[in-house]
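*Asks:* Based on the provided sequences and hints, a complete structural model is requested.
If you use this note's numbering, the sequence shown corresponds to residues 7 to 280, in order.
Keep in mind the hints are simulated off the structure, nothing from the lab. Some hints could be false.
Claimed, not checked - Label-pair distances were calculated between CB atoms; the ranges are:
1) D134 to R165: 44 to 50 Å
2) Y116 to F207: 52 to 58 Å
3) R234 to Y116: 18 to 24 Å
4) N249 to Q120: 14 to 20 Å
5) K221 to R127: 18 to 24 Å
6) E195 to R151: 23 to 29 Å
7) D134 to D193: 16 to 22 Å
8) K250 to Q120: 34 to 40 Å
9) R165 to A227: 24 to 30 Å
Using N, Cα and C, we set each Cβ at its ideal position, and we do this for glycine too.
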Amino acid sequence: MAKRNYLYFIFLLLTVLVFSTMRTAQAEMKTSGADFLVEVGIDHYNKGEVEQAIHEFSKALMLNPDHPVALEYLDRFGIRGGIYHGSATQNSQMADLARYVQKYRNQLDYLEYQNMEMEQRMNGLKTDNDTLVKQRQANDLVMERMQNKLDYFEAKLNRERSRRADMIAQVQDMYKGGGSLLRKQHDLEEERHRRLVELDFKRKRLLDRSLQQEKELFKIATTNNVLREENFKLKNDRDIMLNKVEDYLYVQRNELDKLRDEALSKEMELAKAK
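*Replies:* Rendered as structure tokens:
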């Protein structure tokens, strides 16, 4: 009986030792595997392959959820726990991947919405610009007409002055006491001068309005250039984001196909073993 108990104790001790050894070896394998995946992820990160780096760091967390280096790099991408959680299945990995892809698509939709708002603002400014251009053209036409009238009155005044000089000479030669005619001519000259001053004032006022409108047009043109540059930058950001998402999806599909092939191969090996 004592011998039997002794053998039972020895068997139990050996079982505990074997189990502890296996757990230690498994932990070491997980740690070394996680370190290897982190090194691969750092290599991808240094090469600028962000999507592949996220994938490798996430796989490292599946082996060692507390790996500090993997957590540090994933924090830079705003993905603290990685895109895979624990021993996730292929379906759950696909769901995580779809969720992050949807997140990127939402960001792209937001950028597209901002782009649409910028285009609407540019269209509104373009309409205002066209309106101001038309007003300026109308003012230029009015100024041209006023200038033509001014030239007409100046020419007419010169003719009147010439005619008056001739009349004064004739009156001085033919009549005495022709003061009334001179006063009439003087009054006419003053009236012509008053009209010329009034027309010149109106012309200057229109010129000032035209200069102000030119300043407004220049300001609008500057705003249009700024909005055009912002729109171009948004389009570039959107194209870069789309390219990254497409590259990321392509890499993930390849990885999932590889995992699916490995799982199928293992299932076939298990089936053969049975």
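*Asks:* 34 to 40 Å was suggested as the range; check whether the CB atoms of K250 and Q120 agree with it.
*Replies:* The hinted range 34 to 40 Å is violated for K250 and Q120, with Cβ atoms some 18 Å apart.
*Asks:* Honestly, do D134 and R165 meet the 44 to 50 Å range at C-beta?
*Replies:* Holds: the Cβ-Cβ distance is about 46 Å, inside 44 to 50 Å.
*Asks:* Range hint 16 to 22 Å: satisfied by the CB atoms of D134 and D193?
*Replies:* With a Cβ separation near 50 Å, D134 and D193 fall outside 16 to 22 Å, so the hint is violated.
*Asks:* Can you tell me whether the CB distance of R234 to Y116 sits inside 18 to 24 Å?
*Replies:* Check passed, 20 Å falls within 18 to 24 Å.
*Asks:* When you take the CB atoms of N249 and Q120, is the distance between them in 14 to 20 Å?
*Replies:* holds, 19 Å
*Asks:* Indicate whether the distance between the beta carbons of E195 and R151 respects the range 23 to 29 Å.
*Replies:* At 25 Å between Cβs, range holds.
*Asks:* Please test the hint of 18 to 24 Å on the beta carbon pair from K221 and R127.
*Replies:* holds, 21 Å
*Asks:* A range of 52 to 58 Å was offered for this pair. Does it hold for the Cβ distance of Y116 and F207?
*Replies:* holds, 56 Å
*Asks:* So does R165 sit 24 to 30 Å from A227, Cβ to Cβ?
*Replies:* violated, 46 Å
Hints 7, 8, 9, counting from the list given before, are not met by this structure.
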